[in-house]
Every structure is written in C-alpha cells, then in structure tokens.
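Chain by chain, the residues:
There are 2 protein chains.
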Amino acid sequence: MTTTGSKARGRKRTKAPEDGRRRVVIEGVAPEIDGGRFPIKRVVGEAVVVEADVFADGHDALSCRLLYRREAESGWSESRMEALVNDRWRGAFRVSEVGRWRYTLVGWVDPWTTWRRDLAKRVAARQDVAVDLRIGAELLRAAAARAPEEEAELLTGWAERLAAEADPGITLLELAAVDELVERHADRAHATLYERELGVVVDPERALFSAWYEMFPRSCDGADAPPDGEPPHGTFRACEERLPYVAAMGFDVLYLPPIHPIGRTHRKGRNNDPRAEPGDVDSPWAIGSEEGGHKAVHPQLGTLDDFRRFVARAGEHGLEVALDVAFQCSPDHPYVREHPDWFKRRPDGTIQYAENPPKKYEDIVPFDFECADWRGLWQELASVFTFWIEQGVRIFRVDNPHTKPFAFWEWLIADVKAAHPEAVFLSEAFTRPKPMYRLAKLGFTQSYTYFTWRTSKWELAQYFTELTATEVREFFRPNVWPNTPDILTEHLQLGGRPAFVQRLLLAATLAASYGIYGPAFELGELVPRERGSEEYLHSEKYQLRRWDLDRPGSLAEIIALVNRIRRDNPALQSNAGLRFHPTDNDQVLCYSKATPDLANVVLVAVNLDPHSTHAAWLELPLAELGIEDPAQPFQVHDLLTGARYQWHGPRNFVQLDPHGVPAHVFRLRHRLRSERDFDYFL
Amino acid sequence: MTTTGSKARGRKRTKAPEDGRRRVVIEGVAPEIDGGRFPIKRVVGEAVVVEADVFADGHDALSCRLLYRREAESGWSESRMEALVNDRWRGAFRVSEVGRWRYTLVGWVDPWTTWRRDLAKRVAARQDVAVDLRIGAELLRAAAARAPEEEAELLTGWAERLAAEADPGITLLELAAVDELVERHADRAHATLYERELGVVVDPERALFSAWYEMFPRSCDGADAPPDGEPPHGTFRACEERLPYVAAMGFDVLYLPPIHPIGRTHRKGRNNDPRAEPGDVDSPWAIGSEEGGHKAVHPQLGTLDDFRRFVARAGEHGLEVALDVAFQCSPDHPYVREHPDWFKRRPDGTIQYAENPPKKYEDIVPFDFECADWRGLWQELASVFTFWIEQGVRIFRVDNPHTKPFAFWEWLIADVKAAHPEAVFLSEAFTRPKPMYRLAKLGFTQSYTYFTWRTSKWELAQYFTELTATEVREFFRPNVWPNTPDILTEHLQLGGRPAFVQRLLLAATLAASYGIYGPAFELGELVPRERGSEEYLHSEKYQLRRWDLDRPGSLAEIIALVNRIRRDNPALQSNAGLRFHPTDNDQVLCYSKATPDLANVVLVAVNLDPHSTHAAWLELPLAELGIEDPAQPFQVHDLLTGARYQWHGPRNFVQLDPHGVPAHVFRLRHRLRSERDFDYFL
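Chains A and B, in that order, give the protein sequences. For the first sequence, my numbering begins at 2 and goes up steadily by one. For the second sequence, my numbering begins at 2 and goes up steadily by one.
If we strip away everything but chain A, and leave its shape as in the complex, we get:
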C-alpha cells in the first residue's frame, strides 16, 4: 500500500511562495511608523537602534543583521543584531550625513552555530560524536565552496582536521578560531529579507537642538532713545544692531514674522480694530501688495540685498535666520491678479475671503487647493521656499500648515529637501493632536506643541511622556514656546515674573528645542488686550513697538545662563533621555535628562506655583541616574546658582521660592572623593 496516492498529488493546489525554504520570520520591527508608510527622524551623528522579533521553526540558531544605506546608494552596510530575550533582537547604526536613509533586516538559520551548540551538549553528555564531527566537516566544506581561495583553503584544512579529530574536547576549544570565517561565508541563499524597507530622514543637528528667538523686525528701528510719539518703522539695517543682544542670550535661531509687502484692502487697525487709521501698519500675515508677494521684501524694511546682508551678519553671531511662511494672501497680492483661478469666487463674483463662520477675515484670501490648476499652485508655493533658500535661509516656520492639504506638505517638503536636505520646517499647528502628528510624520522637522497651555504637574508629565517615551518621539520633535505673538497665557498674565522664569526653565530643560517671542518675553510683558483674552495689548501684530531692552527686571541674564547650561550639557540636547520622578508635592515637578552612556545627567526640580514657596521630597531611581553605589553619597551641582549639595540615597529634599530661583537644575556628579581616597595616608 502506498500513501502517496496519485489522486491526491493530482489535485490542483495554490501556488507555493517563491522560496518556501525561508524559515526565518522577522516581525514587530521598531521603529516602524504606520507599517513603514513614514520615515523616522534623526540628526547627524545619532544612532538608529532597531529591535525586531526574529525566530524560526524548531530550535536552530539564527543570525540576524541590520541593513542600512543612504537612499541614493545601492549597497547595504551591515550591523550585527544581538538576541535579547523572548525572541527580541536589537541592533544599531549611526547616521553620518543629512538626507534620506533606509534600513531593513535580514535573518537566516545558522547551521554552524547550531552544530557548535549541539556538539557541546553531546560532548558534555559523553556521547559518541564521530558522525557529528563529520557533519561539522561538511559544513566547513560548504563554507569553503562559498569563500575566496585563501579562506577556502583554511576552511578545508579545518574540515579535514575535524573529520579526523579524535578528541572532541580540544576541537571545541579550537573551533572558536574558525567561527568568524564561517560566519563571513554563511549560506544566505534562503535568508529572509524583511518585507519592508524603512526610511530615516537625517537632519542637521539644529533640527533637534535649537533655541529660537522671535522678533518683529519692524519694531527694531535702531534709534537710541524711545521717542514719545510713533516709533519709526524698523529696518534690516537697524536689526543688525540687535544681533549682539540676541546672540548674548545664547539663542541660535532668529525667527522673523513675514517680511513681505503688506496688503491695504480691509487693513486692520491697532489691537485688531476692523477699521485702520491712516498710518496703521496691519498684520504682516496679510501678505502681498502691488509691491510684491511671497518672494518680495516689504520696502520699509529695506531691500532684498539688505535682507541677505542681515542673514550674513546674523550668521557671524551664530544665529540662523528663520523665515515665516504663511500661504495666504491679501486681496492685493499679485497672485490674485495673475492667477485668479487659484482662489474661490462667490456667486456674486467676489473673491472668497477667509472665514470661520460666523467670523470673517476679509483682509485675507486663502488659496483654493481644490482648483483645477492645483499642480501649478503647488509648484509656485514650493518655489517660495527655494527662493528664500537661495537668499541664505534654511529654516522655515510654517504658519497654520493644518489648513492646507496634508498631501501638499508631504510632496513639498520632500521636494525641497531633495535638493536641500539641510532645510528645517517648523510646523506651527496648534490644532487637534492627530493632524499635528500627521504633519510631523509627513515631513515637518519640528512641531509646535501644547506646552504653552500645560501648566500642572500631571499635565506636563503626561504630555512629555507621550512626546518622548512613545513612538511619537521617532517622528515628532517638539519645539516648545512659553509665549508667541498670538498667545499670552493667563498663567503668565497672572503669574508675573516668577511664572515667566518657571516657564522658561521648563521649556529649556524639558525639550531640546524651545523658543520665546521677544522682547515681550524677557521684558515680562503681560497685559492682555482685555480680561479673558490671550492677545497682547498693543500687539506687535498690528502696530510698531519700541522696546526698552534695559527695562529693570529683564530676564536676559537668566536666559543667557539657561542657554549656556543647555550648550554645556549634552543631556539637554536630546529628548530621548527624559524621565519623570515622583515628588510628594503636586506643585513640584521633578525630572532628569541623561545621555545614553549616563556620562551627563541633569536633574531638574521646578516649583510650578508662581505665588508660593514649596518644599518636596524627591524620589530618585539612583541606578538609572548612574549612581552605582546607593550606599555612597553623591554630589548635585546646581547650575543656576553654582551651589553644591551632598545627597545620600533616593529620597532628597528641595525647597523652592518662586520669587528667588524657582528651580534647581542639577548636574549629577557620580564619583566623589571619599575617605577611601586617602587610604595612602594611613
């Protein structure tokens, strides 16, 4: 009787996969955003640590490699993956240049390692291994067949010794020498290549670690003393004189609201008055007049040459100029005349203005991204970035990106970065969380956050844990702002100077990138247009301001100190090492940031209450902070005050006065001199 009936063999079956001998499974790869739909982000020099579940049927040993390359290159580099527990493997590579990179994994069943492992067990059990040694010799001969001549000879020699070996114990010891050779010529004919290639966008370091200063150039007139009347309109030339002031505070990005010609139709007055008075300057976000649009400079600020000179001067002070890109037009914008098809018309023939019913914004007309010539519109808008890149700008703060199609940004950012991989796009979207994250996934380099309104201990810990300890950290780089020209929070209005300092310290130490809108911030400007409003009174959005930079109480010095601390401490230059620690006071937030090697550990405790002094016991995970011996005291060095304290054990006490210094920013010193260092005196 035969079991292999022709009847059963004859039945037509579905097609088997191309290579059914690929026994290794690779799944659960991390990081991998939305099934590989989006790349992760890194800056130059950072590591990409990849984990995956890798296993095969049965009990054979496996080998696994992480493959990586620059997208433009064709050949993969390889990095060895190591098995952790529970079939989880980990490997890493470092990205050395800006641009797009790719990574994937490959794994294969490794008969040599399997044989080595099993032989050791057989020898230990004192079994006869004569046949097993011949199996090992076969494996070496197979490796020799894949190796170049010199190595093949070595392998064949070993195969002969193995087949003839009398003492398997000696063999086992000596075989270690041949492992590396066999591995180099492993049989990967049936290796499993992971089914997806995953992307990495590698940005310049400033994409991760940056301190932004926003100012309105038109308020910067360079005059010596504030006149009583209307200040003159600022110029780029005058702004040059402000550069040392900004640089001295330690910022590295100087961000300017739109610098383009401003429309006249439906111009807004001071404090957003719908009726402008003669001489009112309107919002610079009402872009475009007969003097030009998104590629022109507002004549009162100077010429394009003046702007390029200003960018160069800023660079000499270590400041990169960031421009605001707001894709909307005044009704006077040349686009309206030249491309009427890019805008919606109402049935009465008028152009459709911006609105959020029932509110109307008649000084602004939005682009119609659903128009027939959407391709032409996209091309033109992308050319705006290229234009300014050609003037020396590489950082852009994009206004309200969430009101333009997501597909548009995904294409635009990829397109611009294909030629200028060093370009940085900051997404100004204070909208719902899913669209904010989508904008980051599709390409924005940095993103505004809800930090501005997160003031309680629970909110801050929960939100920054979401940003830094979940998958979000792979694609979303927070840039946190205590204030903006649009947002003077009630917390700042009511909290006064202590609140300003607290929010500054939180922003600068919670996130690797932060920014302030100045001089309003450092001068402690806190009067709203009206009670319940987050708008500034006499907002620079609608009028020129003259700022007295020497006003008593300016925070310029503490800002400079904080930015110096950030530059001196690598732990503060990344978001990856952030951990929150328990305290027994709901007004005291405690967290640490550490480099992966724990060489730099910064511990922060902030009093969140702008009104009262608070004390708290902190509960510290000493081992995670690099304190190897919890029985030994360790030193904490307050980088704000210079004070040093000796602490001992996980529970430690702090007391913080909001009217003095409302926070400790400690650098942990792991190794202290102890009495044992003086042993030689004995």
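Hints are computed from structural coordinates only; laboratory data are not their basis. Accuracy of the hints is not assured; some may be wrong.
Identical chains blur together in the list; that is why a pair holds if it fits in one copy or across any two.
Claimed, not checked - Listed next, the in silico BS3-like pairs over lysine-lysine satisfying Cα-Cα at most 25 Å (straight line):
| no. | residue 1 | residue 2 |
| --- | --- | --- |
| 1 | K13 | K345 |
| 2 | K122 | K360 |
| 3 | K360 | K542 |
| 4 | K345 | K122 |
| 5 | K435 | K13 |
| 6 | K458 | K435 |
| 7 | K16 | K361 |
| 8 | K361 | K122 |
| 9 | K458 | K13 |
| 10 | K542 | K361 |
| 11 | K13 | K122 |
| 12 | K361 | K345 |
| 13 | K345 | K435 |
Knowing the structure of chain A, use the given hints to seat chain B on it.
Below, chain B alone, put in the same frame as chain A:
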C-alpha cells in the same frame, strides 16, 4: 513687479501625487494586524467593528464609509462610519458566510454638510445669507448633475427654491429632507481610499465556541467489565458505544490522537521505556508502517470504512470528530522508502532521527523542509488534510506546528481553506509566545495556550487580559486545556478533585473554547510517572488503558452542567466580553463575561486554592454589568447550584469551599420586581 518668476517655475521639481486634491487622511485603522500583513478572524454572524483616525486640513465636514466584501466578489458594500471624539471614527459590518472577506475605508470632504453647518451659524448671527443661499443652490445643482433623472429634478427644484428663498430659517428646517438625497450623490471624485485592503477570515461558529473531548480510541474496547489482564485493543466500532457518554457531557468536538499505522523500529515500551516488550503498542505519534502512513488507518482500530461510519455516528450525537495531524514519521513510514529525498541523511548513510541534543528520539524521523523537493513535500502534506476532509473530517489538531516552517503552514492552511473554508486548524504549540502568535496570525483557527500552567490569580488575570483585551484577540483564539496526554500539572497532582473542578470551571468560563483529555480528567487520574514529572503513570501514549467510567467521584455530571451553562449563556460563547474585577483575597478570582448588548451577563468567582475555604469582597463595576440603577438591588442566580441572591451596590461578599462547589457562576438578572411594580395596589 511679478512674484511668479519664470525662473522659479522653470526649476524641475519632483512629481506631485496622482491626485493632490485628496484632502482626507485615513490612518490608525484598527483592527489591522502588522500593517495589513495578516487577516483578522471572525465567525459567521459576528460583527467587524472598525475604527480609524479620519481628518482633513481645515474645518470642513467629512463623510466616511467602511467598505467590505467577500474576497471573491468585486463590488464593495458600504457602512456609514460615525465620528467619535478626537478625529476617531467607528463603523461596523457583519460577516454572514465563511471564507475570506476584505474591508477598507473611504472618506471625502463633504461640502454640503459643511455649508449646512456654517449656514446655521450665520443665521444664528443674523448675517445676510443671500449669497450663501446661492452657494447652497450651486451645491444642489452639482449633486443633480450626478443623479439620475428623477432625483436630479428634485434636487434642481430645491436649488431653485434655495436661490429664491427669502426666509433662511425656514429653509434650514426644510433642508433636512434633502440631505439624504445629496449624500447619495456626493462628489467622491477626490475621495481618499485607504491605502490597504484588510482581510477577514470567517470561520464556522465552532471555531470560536467549542468544547473538546480527547480520547484514545485504542483504549475503548467496548467490553462490559474490565478484565484483570491486558485489555484488548480498541476499535472504531467499540468507540461508537462511547459516543452517548461523551455527548451526554455536552462536548461537541471529539478529538482522536493519530489513528494511523504505527512503526516498529525503535518502538517504545510502556512508560516510555526505550526497550519495548512484545505486545507493546508504542506511541501513535510514531506514524507509518508497511501498512500505510498518514492516509491510512491502524488495522487494529478497523478499516477506513469503520472510521467513516464512526464519524457519521458521532455527528448523530452532535459530535464532530477532530483528527490529530502530526507531520513526522516512523522509520517504517512508506514516505521513507518512496521519498528518501524528503529526509536528511547523516554522513554514515543513516537517516537523521529526531533529537533535542543530547536527547535522541530514534523512533521518529522528521521531514527535511529544506530539501530540494520541498514543493513536492508541501503538496503531499497538504493532501493529507484533503484526504481526511474527504472522509468527513473538518477539524484538525496539528501536532507541534512550530517545528515546521511558518511559510509552509501559511500556504497550507490558505490552500486547504480555499476549497474548504469550513476547515478548522488547532495549533498545538506550547512554545515561546512570539511563534505561538505567529502561527495564529498566519492561519491557525484556534491555539493551545499557557493556561495549563497559569494557576495564580495574577497570572490568570494578566494572561487572559492579554488574550482578550489587546490586538491578540483579533487573530488568536485560545483553546484552553486543564490537562493533555502530555501534561498532568503538579497543580492537579497535588490539588486533587477540588483542583480538577476549579480548573474545569476556569477553562470553561474564561475561554469560549476549552478541552479535556478524558477519561483521565473526569475520573480524576492524578498519579505522575514519577515525582516532578508531568507525565501520567501508565500513560495511554504507550499502552492501552481500561477506564471504569462509573468510578465514584467522576466529574461527568458537573462537566455536563458546565457545558449546559455554556450553551445557555451567549456571553460564555465569545472571549470579547471578559473583564476581571478586584477582590480582596488573592485566592479568589472574579470576572464577568457579557454580550455586547448586556442582555446576557455571567459573573464568575472562583476559589483558586484547592485546599482551603476562602471568602472575599468583590468590587463590581455595576454600570458595565448592565445594572442601570446602582441604588436598586439586583439578583444573582448561581447556575451551578440554582441559588438566587439579592445583592445591592458594588461590594459583595462570597465564600467558597473547594471541597463543595469552589465557584459561583452567576447569571445577573438586571430587572427585579420592586415595590413600585405593585403601585396599582395603592
């Protein structure tokens, strides 16, 4: 000055996507296994509830539909998705037939709903809406252009009324009538179709809800009284007489270990003795002799006709016969002779036996899935399933699937189910968690679990939460076993009868599918081969056994009761509604199972300690259990004892004696007659 410089337009840019006007984003779809790589599982009649993040730029209203179809059909059916909060949408469809289904999503910007919403705001703000009404009329005319004649006329009529309308308030009210019509002819030209089609494998109901009984047919000889000597070899004919006994306990799957001819080479003796005595029967998993292999019946059990008759008789008792498929061979298997290339040879020319070094299993030879003729091997092994399906079997328990390639199973199960979508594959893999889950993802209908060894409250709650309240529940259907022929746990050995009852109740109420190996289980067989072993003494794996089914203390009656409770209570027929509840005693586990509509709610409290009586306070989430008014008393009806209790509020007391009934299995009765029902007496 023109801003649209020809220079900028002239720069060659990357290609824009095909339709940049697709403004809707669809992401975060759930369920979606590994980026759509694997299908989810459902049984006939179940709902597929799908959620996704759906949003667009700006503030326009959206429409979203869930699309679904049988894989073989080309046209989609549609189900409306509803917005929840935070851009999350939800929809559902019901699967009505076995086989493969597909689903995906489509979303589009909905200008009509946007216009309706904004118009209401404008009217409320008493704005002039004359132009807005004309915009609405344009939208209706556009819908008319997409509609068939009769509906087009209706829409055009509405458009004319709207354009001429004087009182917008009335219009708003009346427009509700036209919404459905506009929606039916919505403009989907720029709709976003989700980028993946996701799969559903729909199985027969028994794939989810089943009670398995495993027995060795060779121990079933039909003789009236147990003889003192060696029992005669059982037969399928004799097994027929056992059917009423198994059916009376309420099982619906009768699972037989391998029924094929057994090899003679290296035959094992009783209690796994490496040297068999004459007359020893060996393990039925040593498949194949000169009498045939995987498609033959062991002659002592009867003929293939006897087997088919047995399957038919079982069906008359409501029992489906499940066969064991173990892809391994005795050295005497016809495959070894006919397909020597399907097996590995050692350098000494001998065939490679199974081993787990240093252990050797010389009565078994494994297939070499890496052989050159792997396609031929796969074809033949798949034909084994087809062969038995042709004999009337549709349920298979697959032995050690994790020692054969994953790609093999994925292909085989899809191949068999393409012709026989009703086939059920139970994965017998007690291996590492990742391979177990992979086997489920790639196609196994049900899976063995770690339940067998999970005995503490924490372990059980943690494990069943993982199985039923995470993504695992979409692809992994647990089938939980208190014992198997390979596993007599120490917990049963030491716990005795109380442990047997506890484990039965846990298995039958925690999981929709469970099984026992009998008669060893219901007869309370608990002697291991030796201390520290999980093997049965005198295991049926190696010898015939005669079981006294009338042995005092048999659990047959309580098993019958438990299976009746499972059949009467739909909540116990699914794993989706499982929730654990706090108790103040670590030996008392409390959980509930509920149907989605809360029409059937079963509350279980089990004493996990086989030795001592335990009392506990249970903390119940009354609203989740359908108790609408926590101020009113509710009734719990113990389905094991028939007792009824009136409870009041979330905290309730239980006391459970392992030597009596070690658990409550309550049905909750929500609505009780109260004094208010007697109002008419007043």
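Structure-based check of each hint:
no.	hint	verdict
1	K13 to K345	neither (60 Å within a copy, 28 Å between copies)
2	K122 to K360	between (79 Å within a copy, 10 Å between copies)
3	K360 to K542	within (19 Å within a copy, 81 Å between copies)
4	K345 to K122	between (78 Å within a copy, 21 Å between copies)
5	K435 to K13	neither (48 Å within a copy, 33 Å between copies)
6	K458 to K435	within (23 Å within a copy, 38 Å between copies)
7	K16 to K361	neither (62 Å within a copy, 36 Å between copies)
8	K361 to K122	between (81 Å within a copy, 12 Å between copies)
9	K458 to K13	neither (66 Å within a copy, 51 Å between copies)
10	K542 to K361	within (18 Å within a copy, 83 Å between copies)
11	K13 to K122	neither (45 Å within a copy, 65 Å between copies)
12	K361 to K345	within (15 Å within a copy, 80 Å between copies)
13	K345 to K435	neither (28 Å within a copy, 55 Å between copies)
Hints 1, 5, 7, 9, 11, 13 from the list above are not met by this structure, while the remaining hints are.
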